[in-house]
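For this one, chain A is given, so just place chain B on it according to the hints.
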Amino acid sequence: SQTIHQWPATLVQPVGSPLSLECTVEGTSNPNLYWYRQAAGRGLQLLFYSVGIGQISSEVPQNLSASRPQDRQFILSSKKLLLSDSGFYLCAWSGQTDRMNTEAFFGQGTRLTVV
Amino acid sequence: GENVEQHPSTLSVQEGDSAVIKCTYSDSASNYFPWYKQELGKRPQLIIDIRSNVGEKKDQRIAVTLNKTAKHFSLHITETQPEDSAVYFCAACFGNEKLTFGTGTRLTIIP
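Residue numbers (our numbering), protein chains in the order written: chain A, 96 to 210; chain B, 34 to 144.
Careful, some of the hints might be misleading.
When the alpha-carbon atoms are kept at most 30 Å apart in a straight line, the in silico DSS-like pairs for lysine-lysine are as follows [as the list claims (entries may be wrong)]:
no., chain 1, residue 1, chain 2, residue 2
1, B, 91, B, 104
2, B, 75, B, 90
3, A, 175, B, 104
4, B, 55, B, 101
5, B, 75, A, 174
6, B, 90, B, 70
Using C-beta positions, here's what the derived DEER-type ranges look like [said to hold, decoys possible]:
no., chain 1, residue 1, chain 2, residue 2, range
7, B, 86, A, 110, 48 to 56 Å
8, B, 86, A, 178, 45 to 53 Å
9, A, 164, B, 38, 31 to 39 Å
10, B, 88, A, 108, 28 to 36 Å
If we take Cβ atoms under 10 Å as the criterion, some of the chain B residues that face chain A in the derived model are [stated by the list, open to error]:
no., residue
11, 69
12, 82
13, 87
14, 105
15, 114
16, 129
17, 130
18, 131
If you are wondering where the hints come from, they were derived from the structure by calculation, not from laboratory data.
Glycine included, each C-beta is placed from N, C-alpha and C at the ideal position.
Here chain A stands alone, though its shape is the one from the complex (with noise of 0.2 Å):
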């Protein structure tokens, strides 16, 4: 079966400091892979959408950047985090079958608090 790795669940950072968050899917191949982020009680900003290693869309222009080194593998970074950046990270993947897309699994997200 497939699974969907996110972490770490929490992390306070200063400002200026630099981010990384990590996504790895298990149990299948080529999946379509989403950085989504969330303000309290707002709802899912897509920031980075891949179809395959080192395919990245940039959906909205910002301080953070995103890669895929490997085919299961998604990592959120920035060089220098601001105050605006706090919110719930959230990994997904999806899969396509006669190329249509299925169901998105999201990861467990990220809470990041930017101090």
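Below, chain B alone, put in the same frame as chain A:
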């Protein structure tokens, strides 16, 4: 790209009554429409989905309807229970493209 609007943003219903959440989408080519439930502090989880080749799908107390002509789809929850309280998100996509989510509906079931 796809744009999904979701209404209402908050909804309160008496326990036992029905709840309806509506979404509209912009890309007429979209053909996959999932609904997710997110409980407080947890990850969103799929509760039901529908593809464009059907107009309605039901799973116990939950149903989704799709109107391709009007480009809208709705989630219906009947006989609501306290555990239905959560934030619900609709989403849409075409083929293997990215899933675009609505802004969410906070549903509160009043005992």
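### Message
Run through the hints listed earlier and report the numbers of any the structure violates, in increasing order.
### Response
Numbers 3, 10, 13, 14, 15, in rising order.
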